[in-house]
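Enquirer: Work from the hints to combine the two standalone chains into their complex.
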Amino acid sequence: MSGIFEYNGGSIVGMKGKNCIAVACDRRFGQQMSTITTNYQKVFKIQDNILLALSGLNTDIHTFYALMEKEINLYNLKENRKMKPTTFANLVASALYERRFGPFFVTPIVAGLENGKPILATYDSIGCKSDLDDFQVGGTGGNYIYGACEAFFKPDMSPEELEEVIGQSLVSGCDRDALSGWGGVVYVLTEQKITVKILKTKQT
Amino acid sequence: MTDFALTTFSSKGKLLQIEYALNAVAKGDTAIGIKAKNGVVLVVEKKQSSILVEESSVQKIAPLTDNIAATYAGLGPDFRVLSQQARKLVKKYDLKYQEEMFVQTLSRELAEDVQIATQRGGIRPFGVSILIGGYDEEGPHLVQLDPSGAYYSWKATAIGKQAKNAKAFLEKRYNADMEIEDAINTALLTLKEGFEGQITPTNIEVGVIRDDHVFRILPPSQVKDYLEELE
Chain E
1 MSGIFEYNGG
11 SIVGMKGKNC
21 IAVACDRRFG
31 QQMSTITTNY
41 QKVFKIQDNI
51 LLALSGLNTD
61 IHTFYALMEK
71 EINLYNLKEN
81 RKMKPTTFAN
91 LVASALYERR
101 FGPFFVTPIV
111 AGLENGKPIL
121 ATYDSIGCKS
131 DLDDFQVGGT
141 GGNYIYGACE
151 AFFKPDMSPE
161 ELEEVIGQSL
171 VSGCDRDALS
181 GWGGVVYVLT
191 EQKITVKILK
201 TKQT
Chain D
1 MTDFALTTFS
11 SKGKLLQIEY
21 ALNAVAKGDT
31 AIGIKAKNGV
41 VLVVEKKQSS
51 ILVEESSVQK
61 IAPLTDNIAA
71 TYAGLGPDFR
81 VLSQQARKLV
91 KKYDLKYQEE
101 MFVQTLSREL
111 AEDVQIATQR
121 GGIRPFGVSI
131 LIGGYDEEGP
141 HLVQLDPSGA
151 YYSWKATAIG
161 KQAKNAKAFL
171 EKRYNADMEI
181 EDAINTALLT
191 LKEGFEGQIT
201 PTNIEVGVIR
211 DDHVFRILPP
221 SQVKDYLEEL
231 E
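Read top to bottom, the protein sequences are chains E and D.
Here the first sequence is numbered in full-length UniProt numbering, starting from 1 and rising by one per residue.
Here the second sequence is numbered in full-length UniProt numbering, starting from 1 and rising by one per residue.
Do not take every clue at face value.
What the hints assert, rightly or not - Quick list of simulated restraints, FRET-style, between CB atoms: (1) D/K12 with E/Y97: 47 to 55 angstroms; (2) E/G102 with D/S221: 55 to 63 angstroms; (3) E/K70 with D/K92: 13 to 21 angstroms; (4) E/Q192 with D/E19: 54 to 62 angstroms; (5) E/I126 with D/K92: 16 to 24 angstroms; (6) D/D94 with E/Q192: 29 to 37 angstroms; (7) E/K70 with D/E55: 46 to 54 angstroms; (8) D/Q119 with E/K117: 39 to 47 angstroms; (9) D/K92 with E/D133: 26 to 34 angstroms.
As the list claims (entries may be wrong) - Calculated Cβ distances over 10 angstroms to all of chain E for the following chain D residues: (10) Y20; (11) L22; (12) E54; (13) V58; (14) P77; (15) Q115; (16) Q144; (17) K192; (18) T202; (19) S221; (20) L230; (21) E231.
Please keep in mind that the hints were generated in silico from the structure rather than gathered at the bench.
Glycine included, C-beta positions come from ideal geometry on N, C-alpha and C.
If we strip away everything but chain D, and leave its shape as in the complex, we get (with noise of 0.2 angstroms):
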């Protein structure tokens, strides 16, 4: 622990670490998250970089709790970390109030501890920009956490290599009386629109919470399923 801060204004009023943190973000694997009427689907690509790697043991969506989850692009192992501190988080709300926690609740209280790395001494701003996608009594949710600790609620988004033209492409295709099975085609086609190579049901990981308020990652058969649909 150092009792400098590492990241620091240039003269322009830019934090070249946050900038930097962006650029990490922007050469990971591709995340897309819709919000339908009825429930929230989180898409996200899982490339390997070898066929030696066992694909089960590789989970990119993460349960928050029972009606929440996050996945996202950057660093792994930056979203492992953060993944398990939101986790701490639900649980100590809940060990408080004895109440479900609300999405836009975790997300500003994970925000803080997003925002304390690229201001405290000693430590490096997170590398990964996570998508936040849950259910709750207020109705679906998806949110995205940026490097910076900013955080987004969008009706649609996607973040990683492909943003870009996802995003143009989830522009041009969404609506908002989306039910969650169109959202789950939806976000499927705009994977597919950037993908290099063939899409498969082990290359990506799908994760769906439906208005039952469960998250559930859909198991390869039915993304198989669903995959052919697109066809």
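Just chain E, with the same shape it has in the complex (with noise of 0.2 angstroms):
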């Protein structure tokens, strides 16, 4: 299979903000060149205050978020507590790495707000974690999605500006990535609340 990471396509994007975050992705979910569906789902929300975006092959997406929301149930269960977004960052790392000979296909992006602070992680299959970075991206294109966030992005940014900033970015990108769109989800991380926009895109 040349280009399991693109046989379904998708994009994702993940940028921070004052006291917020924000992630997007696509809805496309195709087989190579066909589109089966407009409205796969690949944001997830684990908790209040965590969301986890996956692009990569659709069905390791939904096999690895139902291992993380088994794993967040167990440790509510067991801790009695809910759980930080640096430690779900961490645990998404291990979990990924656990299959280092045998990986999930996927890339994702773990965007949360702890004490008010967001949080971004992003990883690369086998779970290479990277958290320095204002904006992350991921899937067939996401290389697209780089160059609208260098271009438009700018720090501090409050929920209204970056849920504009996130969109655009993600819709120039899907534009150009004949794998990715279909239209557009974007869900704003903010103490108060999460706010989910539908954004209608070129739907080619």
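Expert: Listed below in structure tokens is the structure:
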């Protein structure tokens, strides 16, 4: 299978703001050149203050998400407390490395808010965590989105600005990528709430 | 390894092996733990069988992490095995979550191993009660872990030879507003009450965790100062 990461297509992006954080994803689920559905969920709420976005092979997106759900549920029951976003970010890295020689073909982005501070981490498929940047991308349209992010991003944006900027970056990136698009979803996480916005994009 | 369990129920519904393990604990050197508002103190008797024993080589309070330590009453080697197991549990947790393990979580996971020894084929229960003292994000904790695998959180407790008398003494002396310095004095006083012979800085061991979350074994010079204050 050439390009197992390209088989289903799809892109994700995460961006830090001032006491807020946003993730966005496209909605396409394809099988190489065919588009199967235009409402595939790629961002999952792990906890009130933690979102997990996944790009890559869709079956692994689903399975890895289910694995993380199981981990956090067991953690909540065993430890009788919520998981911190930084802890979850480390858990994702451990879970990916556990499958070092038979990996999940996903590129995750963890977005969370810990004591008001935005937490953003991305990984390769075997758990190399990177949490130093203010925005991160994943998926087949990633590189195109990077370009748009570099142009539009500025630090300490408000939730409204952030929603606008991350939405624009996702859309312009996905427009270029043949395997991503067919709509977009933007999630903005603040101390008080999570807002979800569905974007209309070029339907190609 | 045998296939059949060594610890089985008596007709009265007791697990005699666990009762006997508790007997072994009750013969062991006394250990006392007190949880203060801002720390935990562990104090344990370190009676040597002969003056020829190299005192410094005996360590009865074992650090499990920077902020958690344990001591025991009962069979020394069993404690050694369990404290090493506890350290591995902490590291395993650390590798997975890269976060400090809570005292309660560690106690529960270690208790799992202790319970297995009361049910698995071919092995006997551990002959120690362990006192775990630690200071984590939730605050100070003192947990007792018994040979049955049961664990209890305490404000203050004692295990070993003088457990009964020591606990009675503690019930009178303990108050929830205790600061760590008061707790150290009270723990030493409690140990002194039932001590056979003269209590000295070298025949006891004192471990303290304060609100800086760092566990320290007090050097004999410091223990000497505390003991002198008791006079």
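Enquirer: Would you mind marking each hint as holding or not holding in the structure?
Expert: Hint check:
no. : hint                                   : in the structure
1   : D/K12 with E/Y97: 47 to 55 angstroms   : holds (51 angstroms)
2   : E/G102 with D/S221: 55 to 63 angstroms : holds (57 angstroms)
3   : E/K70 with D/K92: 13 to 21 angstroms   : holds (18 angstroms)
4   : E/Q192 with D/E19: 54 to 62 angstroms  : holds (56 angstroms)
5   : E/I126 with D/K92: 16 to 24 angstroms  : holds (20 angstroms)
6   : D/D94 with E/Q192: 29 to 37 angstroms  : holds (33 angstroms)
7   : E/K70 with D/E55: 46 to 54 angstroms   : holds (50 angstroms)
8   : D/Q119 with E/K117: 39 to 47 angstroms : holds (46 angstroms)
9   : D/K92 with E/D133: 26 to 34 angstroms  : holds (30 angstroms)
10  : Y20                                    : holds (31 angstroms)
11  : L22                                    : holds (28 angstroms)
12  : E54                                    : holds (42 angstroms)
13  : V58                                    : holds (35 angstroms)
14  : P77                                    : holds (30 angstroms)
15  : Q115                                   : holds (16 angstroms)
16  : Q144                                   : holds (20 angstroms)
17  : K192                                   : holds (38 angstroms)
18  : T202                                   : holds (40 angstroms)
19  : S221                                   : holds (40 angstroms)
20  : L230                                   : holds (39 angstroms)
21  : E231                                   : holds (45 angstroms)
Every hint, counting from the list given before, is met by this structure.
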